[in-house]
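Novice: Keeping their order, the protein sequence lines are chains A and B.
The numbering used here numbers the first residue of the first sequence as 1 and each following residue consecutively.
The numbering used here numbers the first residue of the second sequence as 1001 and each following residue consecutively.
Hints listed in this document are in silico derivations from the structure and should not be mistaken for laboratory results.
It should be emphasised that the depicted structure is a prediction, and the values quoted were computed from it without experimental measurement.
Check before you lean on any hint, since a few could be wrong.
As a list, the in silico PhoX-like pairs of lysine-lysine whose alpha-carbon atoms are at most 25 Å apart [unchecked claim]:
1. Lys1114/B - Lys54/A
2. Lys1038/B - Lys1259/B
3. Lys43/A - Lys1010/B
4. Lys31/A - Lys54/A
5. Lys54/A - Lys1118/B
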Amino acid sequence: MTEDQNAEIEIGKHRAVIDSLDEQIVALLNKRATESLAIRMLKPQAQMGLYDPKREEEIFTRLEALNDGPMYNDDVREIYATILKVMKEIRA
Amino acid sequence: MSKTYVPNRKADEVVIFAGPCSVESAEQFDTVAEGLSKMGLSWIRGGAFKPRTSPYSFQGLGLEGVKIMEDAGKRYGLKTITEVVDTTHVVEVLEHVDGIQIGTRNMANFELLKVIGKATEGSHQPVLFKRGMAATIDEWLSAVEYITQFGNPNVMLCERGIRTFENATRFTLDIAAVPVVHQRSMYPICVDVSHPAGQTALVGDLAKAAIAAGADALMIEVHPDPKTAKSDASQQLTIPQFEELLDELRQVAAAVGKKVV
Chain A
1 MTEDQNAEIE IGKHRAVIDS LDEQIVALLN KRATESLAIR MLKPQAQMGL
51 YDPKREEEIF TRLEALNDGP MYNDDVREIY ATILKVMKEI RA
Chain B
1001 MSKTYVPNRK ADEVVIFAGP CSVESAEQFD TVAEGLSKMG LSWIRGGAFK
1051 PRTSPYSFQG LGLEGVKIME DAGKRYGLKT ITEVVDTTHV VEVLEHVDGI
1101 QIGTRNMANF ELLKVIGKAT EGSHQPVLFK RGMAATIDEW LSAVEYITQF
1151 GNPNVMLCER GIRTFENATR FTLDIAAVPV VHQRSMYPIC VDVSHPAGQT
1201 ALVGDLAKAA IAAGADALMI EVHPDPKTAK SDASQQLTIP QFEELLDELR
1251 QVAAAVGKKV V
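This is chain A alone, in the form it adopts within the complex (with noise of 0.2 Å):
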C-alpha cells in the first residue's frame, strides 16, 4: 500500500466521524430551534423583543468559557452568531 492510499483511507476514516457528528449536529441544531420558536411565541407576552443583545452577550461569554480549543473564541463566536441569526429568521 503506498502512501497516498494509506492517507486516503485515514481521511476515509476521519470523514466517516465528521458524518456522524454532522447527524448530531444537526439533530441537536433542530432541538434548539425548537426551543428557541417556543421562546419566540412566549416574548410578546412577557413583552420582550425577538432580538436581544444582552442575551446573546450571555450566550457567547458563556460559550467562550466551555470552549478548550482547537477553535479560538472568536470561531466559536462567529459559528454562533450565524446560528443566533438563523434562530431568529427560522420560519414558526
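Following the hints, complete the assembly by docking chain B onto the known chain A.
Specialist: Structure of chain B alone, referenced to chain A:
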C-alpha cells in the same frame, strides 16, 4: 431574566413630529407652532444644536433656540422635541423640552447615549433614537440598550435613510426597517421622511409608504418659508403643503386602523 425595557407602543396612533429643521427665530418657530396646533397635532420638532456636515454652515441657535421652542410649545399646547449633540447640554436641554433626539451621527456615541439614559432614568422623557446612516438594524437595536439599560423605557427608534450607491435620493429610505424593527423588538419606530427624500417632491409619497408599512410616528420638516431656510431648504415643506399632505396621511392611517396625532 434579560429584560431591560417595557414597550411604549400605541398600536392605533401615528405621531407626527413636524417642524423646521432649525429654529431660526421666535417668529419663524411660532408661525410653524401656530399652524401645527390648528391642525390638531400634538408635537413640534426643531433643531437648536445642528450637527452640520461643514463646520462653517449655520450651527443653530443653541440654548436660545431651545427656549424659543419651550415658549412656543407652551403657547400653542404642543410637546417639543430637539436634538442634543453634547453630553454637557443634556440635563439643561431636558429642563426646557419634552423629548430629546439623538441624531444619526451620534448613534454610536455611546457616552452620549449613557448620559441621556441616566438623565431620563427618573423622568422617562421620550427619547427619539435615529439609526446611524451606515448602521445595520441589529447594531441599532444593540446600541439603544445603552439608553434603556438605566430604566427609561420611553425610547422610539427613528429610521432616517442609509448610505447606498443610489444618489437619486439624499439617503436610501430603508422602509423594510419598520417591519423588521417590529419583528425583532418591542420598540416603536418613527420614520424621518425628509432626510432620505432630500427634496420636497418625494416627502409625501415616502410618508404614505411609512404609515402603510406600520410606522408608529413620522418626522417631517416644515418651514414657513423654505427658500430662506438656514438648513435643508430643499426638503422642507411649506405649512400649506404640509397641511395638504396631512389630509392624505390621515386617510392612509385610517386605512390601517390608526389615527394621526
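Novice: Is the straight-line distance between the alpha-carbon of Lys43/A and that of Lys1010/B 25 Å or less?
Specialist: The hint holds at about 18 Å.
Novice: Within 25 Å, alpha carbon to alpha carbon, are Lys1114/B and Lys54/A?
Specialist: Satisfied, since the Cα-Cα distance of roughly 16 Å is no more than 25 Å.
Novice: Holds or violated: Lys31/A with Lys54/A, Cα cutoff 25 Å?
Specialist: holds (22 Å)
Novice: Checking one constraint from the list: CA of Lys54/A to CA of Lys1118/B, max 25 Å. Satisfied?
Specialist: Distance of about 19 Å is within 25 Å: holds.
Novice: Would you mind confirming whether the straight-line C-alpha gap from Lys1038/B to Lys1259/B stays at or under 25 Å?
Specialist: Measuring from Cα to Cα gives roughly 17 Å; hence the hint holds.
Violation of the numbered hints given earlier is absent; every hint is satisfied by the structure.
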